[in-house]
Amino acid sequence: MLARHGIAFGVTGAAGNPPRRHLRMGLAVKLALAFVGLVSLVLLVDGSVAWWLGYRAAERSAVQMQQEKAEDAARRIEQFVSGIERQIGWTTPPQWDALPLEQRRYDFIRLMRQVPAITELTEIDGSGKEELKLSRIAPDAVASGVDDSAAPRFTEARARSVWFSPVYFRNMSEPYMTIAVAHAGRQAGVTVAEVNLKFIWDLVTAMQVGRSGYAYVIDSHGRLIAHPDLSLVLRETDLSHLPQVAAALAGLQGKPANRVHTAAGPVGGLVLSAHAPVPPLNWVVFVELPLREALAPVYAALYRTIALLALGLLLAAGAGTVLARRMVVPIRRLQSGAERLGSGERNRPIEIHTGDEIETLADRFNQMAEKIQESHDTLEAKVEARTEALQAREREAREARQAAEQALTGLQQAQDRLVETQKLASLGQLTAGIAHEIKNPLNFVNNFAELSTELTDELRAVLAAEDTPIPDAARTEIDDLTRMLTGNLAKIVEHGKRADSIVKNMLLHSRAGVGERRATDLNALVEESLNLAYHGARAEKPDFNVTLRKELDPAVREIDLNPQEITRVLLNLFGNGFYAVHERQRSGKDPGFEPMLSVSTRDLTDRVEIRVRDNGTGIPDQVRAKIFDPFFTTKPAGEGTGLGLSLSFDIVVKQHGGAFEVETEPGAFTEFIVTLPRAMMLATGADGGGRA
Amino acid sequence: MKFAGLPATFIAALVWAGAVAAQTQPQVYRVGLLSVAADPTDKSPFGAGLIRGFARQGFILGQNLALERRAAHGQLDRLPQLVDELVASKVAVIVTGGYPAALAAKRHSALPIVAVQAGDPVEDGLVASFARPGGHVTGLSEVAAELSAKRLALLKEAVPSVHRVAMLWNAEDLGMSLRYKAAEAQAHSLGIDVESLGVRAPEGFDTAFSAMMSQPPDAILMVSDVLTTLNRKRVFDFATQHKLPAIYEYDFLVRDGGLMSYGPDVTEMYDRAAGLAVRILRGADPAQLPLEAPTRFVLAINLGTAKAIGLAIPPSLLARADDVIE
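Going down the list, the protein sequences come from chains A and B.
The working numbering puts the first residue of the first sequence at 957, with every later residue one more than the last.
The working numbering puts the first residue of the second sequence at 20, with every later residue one more than the last.
Please keep in mind that the hints were generated in silico from the structure rather than gathered at the bench.
None of the hints are false.
Label-pair ranges, simulated between beta-carbon atoms:
id: 1; chain 1: A; residue 1: Tyr1011; chain 2: B; residue 2: Gln82; range: 35 to 43 angstroms
id: 2; chain 1: A; residue 1: Pro1072; chain 2: B; residue 2: Gln94; range: 36 to 44 angstroms
id: 3; chain 1: B; residue 1: Arg301; chain 2: A; residue 2: Leu1226; range: 16 to 24 angstroms
Since we're looking at a predicted model, the values are computed, not measured.
Each residue gets a CB set at the ideal place from its N, CA and C atoms; glycine is no exception.
Could you build all of it, start to finish, from the sequences and the hints given here?
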């Protein structure tokens, strides 16, 4: 009980957590099972009842048939034996013993001719002596004198008038029985016949009982005396242990005994058994038929029933399946529809047209799905709107950040420019001061040098006069000295003028923002400046040659600027470019080198851009950082002041609020990019800042 | 490939149909007949008895029964070869007529054998016992030894003056020797002297006849076997010529001209042999089939021959005769 409880709990536990997808037993199976169960129950009950009735009927009729056969056989055996007994009766009338031997012999011969089964006939006289013996096999004997007075064939026959001996076997193979009949009268003799019972064997062996049935005979002790299997008989098999034999023997003795119809046969196997007694001999004839054969039609019926049952089951299963399908398919569809609904696929309605409750249920499902779809759509719209708003906000934030970053960059540039401007402004003031202080002594130097030159010329003129008395040797020496003096003075004047020029430039430097601004055609200004520069360069170095390119954007038009100052810037840039290309050509490193300088303007709406590009020597990196510094120059001494680019930067950045950038690659090109604003807002601001 | 299975299916169907046809045809049982003497034709006691016995059990010649018949015509040395032929023709059981045939069949085959006219099979060693023959031989006993004495008694009854009886027998045949010995043993109680005239070959009859000429017996008892049966006419002629009463074993000898005979009904013996053969065909083990004994004995008397030798048959003997030939 405990174990069973355990199992029960286990099962409950398992059932408490069933798998969701796989049903333990589908509706279809249940329906089909119910159908099949019902049909098979009906068929089973019907079949069983029919079979049972058929079984009983078949058993009864088989036993009845066997009974008839047994009785027939018993009757024939009885007739056989009683016939012999009757025939023997010919030799047993009163006074037969007194007949002459020859007569008795005739009677015996006649008896043996009448009854072939009698093998031997013996007459025993009243005293038990053998009187006459006739045999089919042995020689006949007359008055052999054998004493049979104590033998049962004599005593029993005398006591009962007829005596049947037990069956015995001659040569251990031939069944025999002694029939002794006492003669009538007092102290009468006995006629003894040895009867060959092979007739009974033949009778029993030849009996056809069905296909495999058989008959057999037992004597009053249950000993087998006839059976188709002779070896069983010759072994003197005792069958009294068989229930049907025991019952029959009990019946012989008048005891009440139930007839046994079904039992094991003498050679095994279940048989249907019937029997009939052979009265005078107390033998019993049995007729038995193997149950298997006797009930073959019944079993055939049983198989038919089973086949019908199987067919019925098949049909029931088929019908059940069809019915169940008709019911279950819509339910499955409903189920899968519900699953689709559950997985979010709501736009396919469940299609069921069975016209029953399931269709109604499916319609309800569809309605529900629609409702869900509606609310789902609303929700989606809201989410979309919110998402858009969020994105817009993000975009705005990004733009603001970019603007801020731009502003920061501008601010940093402005700051850089401011720092540079401040630096240059203070330098300018310093330079202006120095220049002013230097200009006065320089003027004296220059003026007096020119004066001295003139004086020297006058001196030479004086000396040259022939009337001046000077020895010729002295005259020559004086001439040389004066010439040297004139040369020195020329050098002083030259270098004085250069110093003056430096000072002037320095003063120009410091005089920032001075000059008038007006709307000027920038393109015209560029062209003018380029021509000027080119011709200047050609005048200075007649072998100089360069290809010029101009790309002037007509959209640039007029710009508010200081033309003189910008011209200076442009001349400076062009001069630098010519110098660079010339230097490169002169170095002779590139044999096929074509000197080129290009200038371009471009309108950038609120600004204009001027690009001056040469394919000259380029600017090394270490130089590039210093090009805008005052007094920095790469040119040999006396060729540049080192103030050109510095001044240009001042003019563009400080005076006009533009930008001055350089791009270069040493040995390839240099490009200066000047950007000038159309409006002067920033420039004014920068100016103010510069002055402050 | 799809059609490759078609011929195979067709063949299988044919084979199946053939098998069914073979099953529906009744099984034919083949039974071998081996005779030491003449052919066991349908008319002979051998053939007729068997066919009758088989037919009673439902084995009809030409329908479900086929007989393979072999006869040695007295040439006993041919028997082994004939047995081999029967074995080769795949018979299920051999029914033999005569002791040498039974012996040859027993020695040269392992087939079940039903021996008929083999004398006393237990005494001559063909089988172990009546109830349980053992081996693969069963059959019918002739109770021949006992009957020899009975024949002498019948001879004495026909001619009460008989004292000396010449017994013609085949000295080559063990079964015959046994019969002679049994007869000799019983003869004294009947007041008869038996003179043995063993014959070994057809030529031996001349010797036997001349022996009888020199010392004429009162009567002749001829033991039947292939040798004596084949030379029966000479015996009949000699007996008639010398007016000697003679008794034989089988009624057909009396019909051929012998005076009288007493012995089992040959046709009935073969009839019973068919019964044994049928049981073997149905699966019984010959070793377990008890020997049977003849139940019918025939006393035949040829009155013509009796008249020829001037013999009056006593009425009591005539009354007992089953077959009286006029």
